[in-house]
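Undergrad: One letter stands for each residue in the lines below.
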Amino acid sequence: MNFFSNDFSIRAYVDGVRNRQFSVSEAVEAFLSRISSLNPDINAFLDTYEADSLKEAEAFDRGESNPSLPLAGVPVAIKDNMLMRGKRTTAASRILEKYTASYDATVVSKLKNAGALIVGKTNLDEFAMGSSSETSAFGPVKNPLDTSRVPGGSSGGSAAAVAANMVLGSLGSDTGGSIRQPASFCGVVGLKPTYGSVSRYGLMALASSLDQIGPFGKTVEDVAVLFDVIAGKDPLDATSVDRSWATSLSLGRPFERKPVIGIPRDFFAQGIDEMVARSVEGAIDSFGRDGFEVKEIQLPHASYAVSCYYIILPAECSSNLARYDGIRYARLDDAVSVDSSLRDAYLDQRHAGFGDEPKRRMLLGAFVLSSGYYDAYYAKAQKVRRLIFNDFQNVFDASKGGVDAIVAPVTPTPAFSLGEKINDPLAMYLSDIFTIPVNLAGLPSLSLPVKRSWDSGELPIGFQIIGNHFSEESILSLGHYYQTYLSD
Amino acid sequence: MHTYTDGMFSLHDKELDHLFDLVRIKPESDKKKRKKLLHDLDALLGYFGELQKLSTDNIEPLSGGTLLESVTRADQDRVRMDDSREQQRRECVGAFPQKENESLKVPPVFGAEDVS
Numbered sequence: 001m002n003f004f005s006n007d008f009s010i011r012a013y014v015d016g017v018r019n020r021q022f023s024v025s026e027a028v029e030a031f032l033s034r035i036s037s038l039n040p041d042i043n044a045f046l047d048t049y050e051a052d053s054l055k056e057a058e059a060f061d062r063g064e065s066n067p068s069l070p071l072a073g074v075p076v077a078i079k080d081n082m083l084m085r086g087k088r089t090t091a092a093s094r095i096l097e098k099y100t101a102s103y104d105a106t107v108v109s110k111l112k113n114a115g116a117l118i119v120g121k122t123n124l125d126e127f128a129m130g131s132s133s134e135t136s137a138f139g140p141v142k143n144p145l146d147t148s149r150v151p152g153g154s155s156g157g158s159a160a161a162v163a164a165n166m167v168l169g170s171l172g173s174d175t176g177g178s179i180r181q182p183a184s185f186c187g188v189v190g191l192k193p194t195y196g197s198v199s200r201y202g203l204m205a206l207a208s209s210l211d212q213i214g215p216f217g218k219t220v221e222d223v224a225v226l227f228d229v230i231a232g233k234d235p236l237d238a239t240s241v242d243r244s245w246a247t248s249l250s251l252g253r254p255f256e257r258k259p260v261i262g263i264p265r266d267f268f269a270q271g272i273d274e275m276v277a278r279s280v281e282g283a284i285d286s287f288g289r290d291g292f293e294v295k296e297i298q299l300p301h302a303s304y305a306v307s308c309y310y311i312i313l314p315a316e317c318s319s320n321l322a323r324y325d326g327i328r329y330a331r332l333d334d335a336v337s338v339d340s341s342l343r344d345a346y347l348d349q350r351h352a353g354f355g356d357e358p359k360r361r362m363l364l365g366a367f368v369l370s371s372g373y374y375d376a377y378y379a380k381a382q383k384v385r386r387l388i389f390n391d392f393q394n395v396f397d398a399s400k401g402g403v404d405a406i407v408a409p410v411t412p413t414p415a416f417s418l419g420e421k422i423n424d425p426l427a428m429y430l431s432d433i434f435t436i437p438v439n440l441a442g443l444p445s446l447s448l449p450v451k452r453s454w455d456s457g458e459l460p461i462g463f464q465i466i467g468n469h470f471s472e473e474s475i476l477s478l479g480h481y482y483q484t485y486l487s488d
Numbered sequence: 001m002h003t004y005t006d007g008m009f010s011l012h013d014k015e016l017d018h019l020f021d022l023v024r025i026k027p028e029s030d031k032k033k034r035k036k037l038l039h040d041l042d043a044l045l046g047y048f049g050e051l052q053k054l055s056t057d058n059i060e061p062l063s064g065g066t067l068l069e070s071v072t073r074a075d076q077d078r079v080r081m082d083d084s085r086e087q088q089r090r091e092c093v094g095a096f097p098q099k100e101n102e103s104l105k106v107p108p109v110f111g112a113e114d115v116s
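Protein chains in written order, with the numbering used here: chain S, 1 to 488; chain V, 1 to 116.
Think of the hints as simulated: they come from the structure by calculation, not from any bench.
Heads up, a few of these hints could be off.
Derived pair list, reagent style EDC-like, types lysine to aspartate or glutamate, alpha-carbon separation capped at 16 Å [to be verified]:
1) V:LYS36 / S:ASP356
2) S:LYS112 / S:ASP52
3) V:LYS105 / S:ASP325
4) S:LYS87 / S:ASP52
5) S:LYS98 / S:ASP47
6) V:LYS33 / V:ASP13
7) V:LYS35 / S:ASP344
8) S:LYS98 / V:GLU91
9) S:LYS87 / V:GLU91
10) S:LYS383 / V:ASP57
11) V:LYS33 / S:ASP325
12) V:LYS53 / S:ASP375
13) V:LYS32 / V:ASP13
14) S:LYS421 / V:ASP40
15) V:LYS26 / S:ASP356
16) V:LYS26 / S:ASP348
17) S:LYS383 / V:GLU60
18) V:LYS26 / S:ASP325
19) V:LYS33 / S:ASP424
20) V:LYS35 / V:ASP57
21) V:LYS105 / S:ASP344
22) V:LYS36 / S:ASP348
23) S:LYS383 / V:GLU50
24) V:LYS35 / S:ASP356
25) V:LYS31 / S:ASP356
26) V:LYS32 / S:ASP356
27) V:LYS31 / V:ASP17
28) V:LYS35 / V:ASP17
29) S:LYS400 / S:GLU296
30) V:LYS26 / S:ASP344
31) V:LYS26 / V:ASP13
32) S:LYS112 / S:GLU64
From the structure, some residues in chain V lie toward chain S, with a derived Cβ separation under 7 Å [stated by the list, open to error]:
33) ARG24
34) LYS26
35) ALA43
36) TYR47
37) GLU50
38) LEU51
39) ILE59
40) SER63
Quick reminder that beta carbons are idealized off the backbone N, C-alpha and C, glycines included.
Produce the entire structure from the sequences given, and follow the hints as far as they go.
TA: Next up, the structure:
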């Protein structure tokens, strides 16, 4: 059994377990050994749980778990900004280096209940702030397809872990593109669900009005299976919405009518890499040749999204990160002098505990919220957010002949080199120009590679399928159709 | 005060210290790092100036991810299904870096200089 082939999916694994083609112990051992051989180079994992995973795998093989569960014995990983009871949870920050979670995030409970084995926590940009996974306090993640390049971010570890076949699936979080952009850079599939589809209980908040948890996988089908497991109402997250999901069952069903696809032509204008533009155009053409109606759409305010987002996000994060005082979440037990004042302890702990990027964003947040600048920045950005939201609603409006889905590039360039943008925040922020509008409007979007495999030296390129609120089933079906019938 | 001309900002040193104070982080003392930080913040605030070109008269601000209303539940004492509260409480207390009995021990709220 080749567990590490790019074609070996969650579906194939679960079938293999049920048909007793291999034992879960044998499989988990193989994945753990692959992680330990590749991780020193890729740095996708911050922690792995060998003993726990093997114990769970053995219990599975003894018949103590139900093989009909959707993720029976499947090795998965979660981004280290999600809490898992008894495990260190750092958000890749020094300030949480010694913090151990005392409860499970809802997505973690759901994965466990679905039979998954969580083999470790993945590396990320510090507090999910970044687009390259280079701001991690524990060293950058490298792109498994070209280790001189970034895997994208902030969920770079989760994307790299799947791309390097270290696990079969993983979870990330997407606040401004942090699932879709690394999926695109690493040549895997990633879903940013609708705001409200997945519970954020136990996810460390970055920007509460934008954050969503979503899955990575090698195929759209795997991503749909993971999404069905983690989605749904949670009494512990008031923003989660009461819906039942079975997207994976709808894949492959014939369309009642072929969805109408909208193309935001402006996304292909100046500044986009020629190869990216050509590849995404190629994907669009293949939909057109297959009989899908493809039409151009306008999102007139999308070009303001980066400004809007980098006002709203810092404002929210300066508030959300206030709780990390270096004391409550067990940072430097020996360095807090009880002779200093509490205020000085905060100043010192936060100075030493946070890296440059969280500091820059908190300072920016404090500025845009401060008296005198609030209206010009924060209030203005919230109004522009409404305009961006309205643009999408117009495009999807059926009464005005709207489209069913939007197909667009995920990023202006393929994976860039390590160190290329780390000292230029604005350049880094602009790499999320096509993903950010989707978060501001709370929409779901699926990022998938334009083709199945990449020649050596070739960099993966993805495209995104954006749908209206709670249309995960439609965009996953469309993505699955592309992967099954249209992709090279 | 910072100055605003043609979308170009210039945050001042004193303002930067004030922002550090607002976010409760000891101000950066390294001159080179401060200069870089001021430069980066200026570049970003300058870039954000593009929003001022947009007319947003009569536009309602949007604060959430969807138009759905958040629901709130009645304030009842509830026990989580899978975990006794006592166990969770013990684990939280167990995670305190410094404690006295069952309380989190922190430096005094008022330092010597504040009292004098």
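Undergrad: Each of the hints needs a verdict: does it hold here or not?
TA: So, going through the hints one by one against the coordinates:
| no. | hint | result |
| --- | --- | --- |
| 1 | V:LYS36 / S:ASP356 | holds (11 Å) |
| 2 | S:LYS112 / S:ASP52 | holds (13 Å) |
| 3 | V:LYS105 / S:ASP325 | holds (13 Å) |
| 4 | S:LYS87 / S:ASP52 | holds (11 Å) |
| 5 | S:LYS98 / S:ASP47 | holds (13 Å) |
| 6 | V:LYS33 / V:ASP13 | holds (12 Å) |
| 7 | V:LYS35 / S:ASP344 | violated (24 Å) |
| 8 | S:LYS98 / V:GLU91 | holds (14 Å) |
| 9 | S:LYS87 / V:GLU91 | holds (12 Å) |
| 10 | S:LYS383 / V:ASP57 | holds (9 Å) |
| 11 | V:LYS33 / S:ASP325 | violated (23 Å) |
| 12 | V:LYS53 / S:ASP375 | holds (14 Å) |
| 13 | V:LYS32 / V:ASP13 | holds (13 Å) |
| 14 | S:LYS421 / V:ASP40 | holds (13 Å) |
| 15 | V:LYS26 / S:ASP356 | holds (13 Å) |
| 16 | V:LYS26 / S:ASP348 | holds (6 Å) |
| 17 | S:LYS383 / V:GLU60 | holds (6 Å) |
| 18 | V:LYS26 / S:ASP325 | holds (12 Å) |
| 19 | V:LYS33 / S:ASP424 | holds (13 Å) |
| 20 | V:LYS35 / V:ASP57 | violated (37 Å) |
| 21 | V:LYS105 / S:ASP344 | holds (15 Å) |
| 22 | V:LYS36 / S:ASP348 | violated (21 Å) |
| 23 | S:LYS383 / V:GLU50 | holds (14 Å) |
| 24 | V:LYS35 / S:ASP356 | holds (13 Å) |
| 25 | V:LYS31 / S:ASP356 | holds (15 Å) |
| 26 | V:LYS32 / S:ASP356 | holds (13 Å) |
| 27 | V:LYS31 / V:ASP17 | holds (13 Å) |
| 28 | V:LYS35 / V:ASP17 | holds (13 Å) |
| 29 | S:LYS400 / S:GLU296 | holds (14 Å) |
| 30 | V:LYS26 / S:ASP344 | holds (8 Å) |
| 31 | V:LYS26 / V:ASP13 | holds (14 Å) |
| 32 | S:LYS112 / S:GLU64 | holds (13 Å) |
| 33 | ARG24 | holds (5 Å) |
| 34 | LYS26 | holds (4 Å) |
| 35 | ALA43 | holds (5 Å) |
| 36 | TYR47 | holds (6 Å) |
| 37 | GLU50 | holds (6 Å) |
| 38 | LEU51 | holds (5 Å) |
| 39 | ILE59 | holds (4 Å) |
| 40 | SER63 | holds (6 Å) |
In this structure, the earlier hints numbered 7, 11, 20 and 22 are contradicted, and the remaining ones agree with it.
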